[in-house]
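**Q** Sequence:
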Amino acid sequence: MPQGGGPLPPPKRPKLASATAPLGSAPRRAMLLAAPGPKRHTAPASSAGSSSGLDSQRRSLPIFQARGTLLGQLRSLDCAVLIGETGSGKTTQIPQYLYEGGIGRQGIVAVTQPRRVAAISLATRVSDEKKTELGKLVGYTVRFEDLTSEETKIKFLTDGMLLREAIGDPLMAKYSVVILDEAHERTIHTDVLFGVVKAAQKRRKELGKSPLKIIIMSATMDVDLFSQYFNGAPVLYLEGRQHPIQIFYAKQSQSDYLQAALVTVFQIHQEAPPPQDILVFLTGQEEIEAMTKTCRDIAKHLPDGCPQMVVMPLYASLPYSQQLRVFQTAPKGYRKVVLSTNIAETSITIAGIKYVVDTGMVKAKKYSPESGLEVLAVQRVSKAQAWQRAGRAGREDSGLCYRLYTEDEFEKFDKMTIPEIQRCNLAGVMLHLLALRIPNVLTFDFMSKPSPEALQAAVEQLALLGAVERKDDQLILTPLGRKMAAFPLEPKFSKTILMAPKFHCTEEILTIVSLLSVDSVLYNPPSRRDEVQAVRKKFISSEGDHITLLNIYRAFKNISGNREWCKENFVNSRNMMLVSDVRAQLRDICIKLSIPLESSRSDTGNIRRCLAHSLFMNTAELQADGTYATTDTHQLVAIHPSSVLFHCKPACVTYNELLHTNKCYMRDLCVVDADWLYDAAPEYFRRKLRAAKN
DNA sequence: TGACCTGAC
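Numbered as in full-length UniProt numbering, the first sequence ends at 694 without a single skipped number.
Check before you lean on any hint, since a few could be wrong.
[Stated by the list, open to error] Label-pair distances were calculated between CB atoms; the ranges are:
(1) Q456 <-> R574: 36 to 44 Å
(2) P273 <-> H647: 48 to 56 Å
(3) K365 <-> S149: 34 to 42 Å
(4) E133 <-> A463: 31 to 39 Å
(5) T69 <-> K557: 56 to 64 Å
(6) K688 <-> S599: 29 to 37 Å
If you are wondering where the hints come from, they were derived from the structure by calculation, not from laboratory data. Glycine residues also receive a C-beta, built at the ideal position from the N, C-alpha and C atoms.
Let's have the full structure, built from the sequences with the hints guiding it.
**A** Structure follows, in structure tokens:
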């Protein structure tokens, strides 16, 4: 099993905080990690101490020494790239320095975050440090929550929120500075924002308006790319407070990473004193549940003198109450072992982790524009991801990371994870860019360009939905497309809502679309499968998953949505609450757009007709041999086991998405009439038929 | 016939 290796070579990084480095001298990311910083609270954050304590804490941050130099630089620059290790305090301090230094006072300083919790907790922290009430000088805006006012000068928001704001204000006129934080994560929203803020800055300059300052903040990665993209912007380095991490590699290549993980966990467990906790990175729910069971079984029969063990699974679809357990400290004499997906890489930070076991594997989505297929596959992590995982071991003290692959194997990993924008369907992004009135969306200035095929496929999908048209060789939004862009939804779902009045079922479609646009409300613990099936029976509709979900939502509303009911019915109450919020938001947008709101009540036929008319490009038909083939490209597909139609064989179905895992599965199915499809898009099917003949 | 990495508007 993994042995040897040894500590990492000493880090080569620039010494001085805020020294300007020439291009191309990116620091090597070797030594990692972190001090307890005021960021990424997922566990309930305790309120900070006395205000004088806060002041001294602010002054003791490494960044404080560099304050003067930093302000001098930022004052004169249009764009800057700021590289700071975790614990440098950059996210909480830079916005305050700018404000205190009178930079950008004529407008608001925006700080974006990929996650809601981060935006909220950072705003809370900074308003505490400024000794002001949250929502006054310092505020935040995330979906469903806007805690800002006329006085707000420092505003934390999710990157998706800033992007949505930009539709109404492409010049971002109210902002004087935009800080894009966690840029190295390269979420799809951050990547689109790069181009949008760059365009806004340029346009404001051309129009002689007040300048827009752009600051990109990142961990020590991708510096050259960021700097080049922002016209050679200078790179400023900040020191963090980091604890050393020792890295151990496997001596030999491991054929079975699960077995290797198991052996490593128990080897650590027998040798290390408690309560030093272990975090293991695995790939998915099923694997984690199985490994949890195995570990618990083995832990029952440990030799005398060996500490006890508590084993906890962690993945996103786990109910919130169970997720919270990973934050509890293990009882005395026990060691905590957390088995997690990549949710523990960035979204959830667990205190007290001393050991990280990295299988080097991750389950991730890829998108193939040729087939239009999303492929979910277990694959190797990137080097950057492996460093991120290792870093989770040293948040309070020095740590150890066991990599279940050899150093040679590691060297062959990709340097960076492919940015999301190159891995997903771009229809939503294209619609958003068109709504921003970007002159030519096909040549939009992306930092990492998606393939021309992916861009083309997205535009074709929008054309099929009737959202775009060509005018004087320019692609523009149709009136329908503009309405679609008003909804925070995938374009096909926006279209479904806009079709609903024709079928007098807008209320029901709003419910269904809301249910489909958040994480599943259904909780399926593998160990209690029979129970789940039994309680779910009463909701199941032979018409498919959409109507079944509608039944569940109606039942939830009938008992006015209590938690107990959710628990009994294996419904994720947190996601169900979110569905209510989303639905209310979508309904408001409908009212603003003067869309008539009618209910079809018990007439589910109309609902299914509406779905057929908007999802006609996502349909499959039963073949003579009992398999399914998609109507458009005759791709062989199968009904996903999670569907209520799994054991049925309807002649014709629409589906929300295809997902390729072991097979090519249709997910979320609705039984439809083949005739409806032809009525919905006669031209489309005539074209497909012609293409099939040739 | 047998299964869903993670965020976000």
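**Q** Looking back at the numbered hints, which does the structure fail to meet, lowest number first?
**A** Number 4 only.
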